[in-house]
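Now for the letters of each chain:
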Amino acid sequence: MKNILLICFKEFKSYFVSPIGYAVMALFGLIFGFGFYTATRDMVQMSFRAQMMGQQQPLSVNDMVIRPLLGFAGTIALFLIPMITMRLIAEEKRNGTIELLLTSPVKDIEIILGKWLGALLLYLCVLGMSVLNIAMLFLWGKPDLKPVLVAYLGLILQGGCLLALGIFVSTTTKNQIVAGGVTFFVSLLLWLLSWFTAFDATGFSQVINYLSIVTHMENFSKGVIDSKDLVFYFSMIYFWLFLTSRSMESLRWRA
Amino acid sequence: MRQDDTCHVRSDQEHNIMIKVEGLTKRYARTVAVDNISFEVDKGQIVGFLGPNGAGKTTTMRVLTCFLPPTSGTASVDGFDVLEHPMEVKKRIGYLPETPPLYPEMEVHEYLHFTGRLKGISSADISKKIDEVVGRCALGDVRTRLIGKLSKGYRQRVGLAQAIIHNPDVLILDEPTSGLDPKQIIEIRELLKHLSSDHTIILSTHILSEVEQSCERVIIISQGKLVAIDSVANLTNRLRGSESVAVEVEAAAGSPNPGDVQQRLEQVSGVSRVVLKDSRDGRLSFEVESLQGRHIRSELARSVVNSGWNLSELRAVGLSLEDIFLQLTSTEKTQAAPAAGAAPDNEGAKK
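Protein sequence lines correspond, in order, to chains A and B. The letter at position 221 of the first sequence is residue 217 when you use the numbering used here, and the numbering goes up by one with no holes. The letter at position 64 of the second sequence is residue 116 when you use the numbering used here, and the numbering goes up by one with no holes.
Everything labelled a hint here was simulated from the structure, so no lab data went into it. Here the structure is a predicted model, which means the values were calculated and not measured. Glycine is no exception: its CB is placed at the ideal position from the N, C-alpha and C atoms.
Residues from chain B shown here face chain A by an in silico Cβ test under 8 Å; the list is partial:
(1) T117
(2) F119
(3) P153
Input sequences plus hints: build the corresponding full structure.
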């Protein structure tokens, strides 16, 4: 445990020594802020119009702003996560520091978990940028808190999956650019799997649909915690981290 | 747990053996990097690991540090096998790879803190250990500098500091003095001497004077095979049967023809080999080797003078470790000539 935290904080810190941590957070803040601006502007206009037409029921901030916005945050994360994970192992391999890690009295799994948690910590900071915007809605409106928290949980789990995938890809190459690119395309593919079933409800397409990471996000963004989705995300994270540990092991044999 | 105990008992029985390698072979996809090597290193010994580039030094060291698993054979440190108890082995080892494993974005003390903690130093002891190691490796001036901005010599020392910070029983150093200036090399040498009192040290190098200066024993490998393992003095004695003499000849009038001189020297009885080293301003330098057990200096002098040339220098040259090394590794090469096809790949396998 001590070793995991040690590596985790080292990774987290190194994000902020290079521009990458700041860049990822700034990009996310900018794009999310833009989305936030347009969504609230439309919401305000529409509620004016609704009031003029004599509608009594106020529009729901949750449905009109928060839910689409947090779904959008997941999409931005898809682009940013490869930037977070690409250096994790690839850079150690290029610097030769992997030799230090693998010859220190530390288990492979501690290295992997430490790195994954470090990346997750940065991802939390990135999501934290969106909290600034969402908090404004709470200051001047009365949205429902619980579905927002659930949606964030979903975002964190989904991010955890993609981060684990990214670490795995990062173990397979010395080149950060390759690691980032491959991670991006594989996550995009996992994303697009849900399209497969648009007009098709056979058993096979159901399976494909189940494997897409977005389908499981939908429930969370509605504020529903379904054990099926939790199981999916946790097994996804486990699967990619398991592959990572196998790949680390093979580094020794191939070296 | 029980297994650990039996291991300990065994290592105690074999008294002071710290590192034991038996029949170690490491094969990469197409090449054999290390071929059936066996050796032992006693506690507190400082051993030089010698060989040309691509001989398998780095591979052997990587097996000992649990970075690479052996293809066959065993290696153990302090009685613990590298495959069965890697954690125990890693705790006892400090390793400086060929390129020091540094994080350029960290400051020196930050890096030492991280590596120290990684090697199991408690948070209570860590700053004391850092101070100690900074002093030992003379890093005081660069404590708060970024590693990426340091010169090669300092980086090498930071790498060394990383290897000794947890005071390991065994130090494995892969070319610790490469890229250092002479003054720094001497400092590192002093440091190693200092450390050898309570550490077992294996250091690899292809600089032979390095080994002559600081090692008690030498292990020479070439093309993955063990060529010789002995103390420096023994190795020199073993191969010194013949005498080697440096001769410088000057022409009295006009310059002598190198071919003539060489021929004349070769005719002297007891001479086995004459090599022209240098010719400058009408001076010719030769290195002459005698046959086993023959003294040739007086004969040489007479022969030169009688031929009407001036003898400006005549000096006995001891057989240096360099010569021994060349002799050993080149005979190895001729023996292994049929298998020479694999040789070029060895370089690549090291990477």
